[in-house]
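Trainee: Keeping their order, the protein sequence lines are chains A and B. Residue 89 in my numbering is what sits at position 89 of the first sequence, and the numbering runs on without skipping anything. Residue 41 in my numbering is what sits at position 41 of the second sequence, and the numbering runs on without skipping anything.
Keep in mind that the hints are not guaranteed to be accurate.
[Claimed, not checked] Simulated restraints on C-beta separations: (1) R24/A with Q229/B: 24 to 32 Å; (2) V126/B with E226/A: 42 to 50 Å; (3) I246/A with N5/B: 27 to 35 Å; (4) S177/A with N161/B: 55 to 63 Å; (5) P134/B with Q33/A: 41 to 49 Å; (6) E100/A with N5/B: 40 to 48 Å; (7) P134/B with D106/A: 42 to 50 Å; (8) L214/B with T164/A: 50 to 58 Å.
Simulated from the structure, these hints should not be mistaken for lab results. We treat Cβ as the ideally placed atom computed from N, Cα and C, and that holds for glycine.
There are 2 protein chains.
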Amino acid sequence: MSENNNPTAALIIIGNEILSGRTRDANLSFLGQRCEELGIDLIEARVIQDIESAIIEVVNAYRKQVDYVFTTGGIGPTHDDITSVSVARAFDVAVERNAEAVDAMDRYYPPGKLNEARLKMADIPVGATLIENPVSGAPGFQMENVFVLPGVPSIMQAMFNGITNRLVGGLPMLTESVKTDITEGTLAQGLGEIQASYADVSIGSYPFFKAGLLGVNLILRSTDNERLQEATEKVREMIREMDGKIF
Amino acid sequence: MSENNNPTAALIIIGNEILSGRTRDANLSFLGQRCEELGIDLIEARVIQDIESAIIEVVNAYRKQVDYVFTTGGIGPTHDDITSVSVARAFDVAVERNAEAVDAMDRYYPPGKLNEARLKMADIPVGATLIENPVSGAPGFQMENVFVLPGVPSIMQAMFNGITNRLVGGLPMLTESVKTDITEGTLAQGLGEIQASYADVSIGSYPFFKAGLLGVNLILRSTDNERLQEATEKVREMIREMDGKIF
Chain A
1 MSENNNPTAA LIIIGNEILS GRTRDANLSF LGQRCEELGI DLIEARVIQD IESAIIEVVN
61 AYRKQVDYVF TTGGIGPTHD DITSVSVARA FDVAVERNAE AVDAMDRYYP PGKLNEARLK
121 MADIPVGATL IENPVSGAPG FQMENVFVLP GVPSIMQAMF NGITNRLVGG LPMLTESVKT
181 DITEGTLAQG LGEIQASYAD VSIGSYPFFK AGLLGVNLIL RSTDNERLQE ATEKVREMIR
241 EMDGKIF
Chain B
1 MSENNNPTAA LIIIGNEILS GRTRDANLSF LGQRCEELGI DLIEARVIQD IESAIIEVVN
61 AYRKQVDYVF TTGGIGPTHD DITSVSVARA FDVAVERNAE AVDAMDRYYP PGKLNEARLK
121 MADIPVGATL IENPVSGAPG FQMENVFVLP GVPSIMQAMF NGITNRLVGG LPMLTESVKT
181 DITEGTLAQG LGEIQASYAD VSIGSYPFFK AGLLGVNLIL RSTDNERLQE ATEKVREMIR
241 EMDGKIF
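With these hints in hand, go ahead and build the complete structure from the sequences.
Mentor: Have a look at this one:
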């Protein structure tokens, strides 16, 4: 549980291509937003290499630490897709060819196309519950509190939307944002004072520096809407008193 | 050291705004690419909340595990900027107002603008070496093998470019990519065979699914250019034999 008593989650992003900088991850951003809507606190994300020992270690660390663990990447048919086997090892179970997964893929692929490499995607840890893939057939799976999803964002998102009924959330996190041209150093003192009066509202200050324009995005977050609105109005008042613009 | 004997690195991305999905991180992608050019293996990245205990724990875990640790975010003037103090605690030293940092900021800010909140950015762990900020004055710092950088990408990048002379790299990682409309399941067996013959070339297979087009990006990486070219040609040959397109 986190400070606000909401369930917690962590994300494991599996893939050398993200660490090499070649592919920019899009799954953290999606899952972060969905968790917030569901009242689940995503407290950490880790990007790791396609290495079995790394996957096992992080899966086992996170699944004891948080309520829900999501993994993305590494469940395809090629030699570098080792997530399913690694998660099975983390739980100390075998993988087996899952009949339900074979059926799902059989319905998706044209006759004769479900070759041995593709069937590898039906090798699922013993005891897992499948996660349906409405886009490209091969399912993900859930082992206890660990949800194993693919790396391709559009497919991952479609599959995630099918499992939200398995997740028990808390109070949705509510958000307000105030964007201004007053810089952080000028706002800092007053902002600190507002934060001190509103311990149940988390106030984040994120400077931006784009096309010569310097300013700040202030993000206020709380599960209590009344307090959130009050704190946000205090922030706006402070900026107006400084003759700042609010965009 | 990693498999290829190159120095290793890890990145700590500090900020609730990344975990909430509101801001999409851009620093991992930049640092991943720069590390590759420098012959440094970025083996892991972790996105954590603005919480002192979390920062201390990860800094202390990584600095023993890898050759270089980079942190981004949380070194501004506001109440939620706690990276410098947390890194000092990880090293069990105090922060002190750093005269050199005050000078640098004094040169940057117009007279009268260097207020107490901004001066907080000159509070640096005892024993640290500064990292110059050519964009907005307030410096980052290096404590042993930990490099503390800001979160705003344009400023982080300018500062990183100033410290590459402090990093000792190995052999630059060389890369080839082959993009095709042949899908993973069809390529998998042949690709696995090529990988088995080229243990010194890492072959990654990354499916894409965009606008109805399904295909794969194959990324080959090695520090040995001759072997890399050979393996890449084998992959191209295989795709041509399957009558696949190479984009």
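Trainee: Decide, hint by hint, whether the structure agrees.
Mentor: Each hint, compared with the structure:
no. : hint                           : in the structure
1   : R24/A with Q229/B: 24 to 32 Å  : holds (27 Å)
2   : V126/B with E226/A: 42 to 50 Å : holds (44 Å)
3   : I246/A with N5/B: 27 to 35 Å   : violated (54 Å)
4   : S177/A with N161/B: 55 to 63 Å : violated (31 Å)
5   : P134/B with Q33/A: 41 to 49 Å  : violated (34 Å)
6   : E100/A with N5/B: 40 to 48 Å   : holds (45 Å)
7   : P134/B with D106/A: 42 to 50 Å : violated (60 Å)
8   : L214/B with T164/A: 50 to 58 Å : violated (26 Å)
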